[in-house]
Amino acid sequence: MSADEDENAAELKIGEEFLKAKCLMNCEVALILDRRLEQLQQMSDDPTNQMSQVFEKSHQYVKRFSRYKNQDAVKQVREILSRNKLAEFELCVLGNLCPETVEEAIAMVPSLKSKGRALEDDAIEKMLNDLSLIKKFE
Amino acid sequence: MFFHITLERNMQLHPRHFGPHLRDKLVAKLMKDVEGTCSGRHGFVVAITSVEDIGKGLIREGTGFVTFPVKYQCVVFRPFKGEILEAVVTMVNKMGFFAEAGPVQIFVSNHLIPDDMEFQSEDVSNYTTSDGSVKIQKDSEVRLKIIGTRVDATEIFSIGTIKDDFLGVINDPGAAS
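As you go down the protein sequences, you meet chains X and P in turn.
Residue 55 in full-length UniProt numbering sits at position 55 of the first sequence, and the numbers go up by one each step.
Residue 59 in full-length UniProt numbering sits at position 59 of the second sequence, and the numbers go up by one each step.
Source of the hints: derived by calculation from the structure; they are not laboratory data.
Treat each hint with caution, since some may be false.
Below are the EDC-like pairs computed for lysine to aspartate or glutamate, each with C-alpha atoms no more than 16 Å apart in a straight line [stated by the list, open to error]:
id	chain 1	residue 1	chain 2	residue 2
1	P	163	P	116
2	P	81	X	6
3	X	126	X	103
4	X	57	P	86
5	X	63	P	100
6	P	25	P	61
7	X	57	P	100
8	P	81	X	7
9	P	163	X	104
10	X	85	X	122
11	X	75	X	104
12	X	57	P	155
13	X	57	P	139
14	X	63	P	86
15	X	63	P	139
16	X	57	X	34
17	X	57	P	35
18	P	32	X	56
19	P	81	X	11
20	X	63	P	141
21	X	113	X	11
Only some residues are given here: those of chain X computed to face chain P with a beta carbon under 7 Å [said to hold, decoys possible]:
id	residue
22	7
23	10
24	24
25	36
26	107
27	134
28	137
For each residue, glycine too, the CB sits at the ideal point set by N, CA and C.
If we strip away everything but chain X, and leave its shape as in the complex, we get (with noise of 0.2 Å):
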């Protein structure tokens, strides 16, 4: 298992399958699992019963810790992140954790400022600075 040695967020050492794979924000977990739970309950009548604990605890989770809750707002912030060619990675955990500072957001992403890449600090504060409308619009 040397690969999962070398597994380092930081650095977006995540693996090929999941580097390939689209990211999803806990406020977009959260709009999947809630209709997901609308269609078990039309189902049966008794939908507790056929949730698995991963599921009821997931759900949970991205209730508790999503930014944004209406879709709309959801799709703008997706947008505005997918604006400045984040890695879908570097794209979700900003998306999650909101970061107010560009000093902040680089401690939370440090793969923002490795690999000699483009993004300046101007470009990270127009993007945090959307974010936050949003969030104050919503």
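With chain X fixed as given, assemble chain P onto it according to the hints.
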């Protein structure tokens, strides 16, 4: 972090299910078998969102069971070393504290809690700074960094730290009182 990935699985179906509802049966069985499971490679499977493709079934000799290769998309939760995420504290003791991020348990040892926070065993055990301004107790929300994961057949355990910049308590349930 949650991911939306495509996975494949060979499903065995009993011949009694063959008929007009074969596909439904197969999907129902897939959900029952897969959702809530955990593997070291992909993490916890939270929910199947769609079934992409069901391949041609192959009758197994001797039993009559048919094996279908099924491709499906699902939401998985997989913690990564170096990842920063938010979690809810579930238990505090003098060794450190446990927190939960979705299905994953994370342990933060007292060596990885800032040095100015001391363990207090009052009626609700907690970690508090000397001036009492920051408190970690059950139900606190903390932001932590995962520094290691251990994978079990059915569970993933993680070790985290809050001894770094911009980590620590984000919401303290006792602060209001």
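Tested hints:
1. 163(P) <-> 116(P): 11 Å, holds
2. 81(P) <-> 6(X): 9 Å, holds
3. 126(X) <-> 103(X): The hint holds at about 13 Å.
4. 57(X) <-> 86(P): 14 Å, holds
5. 63(X) <-> 100(P): 14 Å, holds
6. 25(P) <-> 61(P): 22 Å, violated
7. 57(X) <-> 100(P): 9 Å, holds
8. 81(P) <-> 7(X): The hint holds at about 6 Å.
9. 163(P) <-> 104(X): 15 Å, holds
10. 85(X) <-> 122(X): 15 Å, holds
11. 75(X) <-> 104(X): 23 Å, violated
12. 57(X) <-> 155(P): 14 Å, holds
13. 57(X) <-> 139(P): 14 Å, holds
14. 63(X) <-> 86(P): Distance ~12 Å between residue 63(X) and residue 86(P) Cα, so the pair holds.
15. 63(X) <-> 139(P): With a Cα-Cα distance of about 15 Å, the restraint between residue 63(X) and residue 139(P) holds, given a limit of 16 Å.
16. 57(X) <-> 34(X): The given pair, whose Cα atoms are some 13 Å apart, holds under the 16 Å limit.
17. 57(X) <-> 35(P): 13 Å, holds
18. 32(P) <-> 56(X): 15 Å, holds
19. 81(P) <-> 11(X): 10 Å, holds
20. 63(X) <-> 141(P): 13 Å, holds
21. 113(X) <-> 11(X): 10 Å, holds
22. 7: 5 Å, holds
23. 10: 4 Å, holds
24. 24: 4 Å, holds
25. 36: Holds, about 5 Å.
26. 107: Since chain P brings a Cβ to about 5 Å from residue 107(X), closer than 7 Å, the hint holds.
27. 134: With Cβ-Cβ at 19 Å, over 7 Å, it is violated.
28. 137: This interface hint is violated because 23 Å lies over the 7 Å limit.
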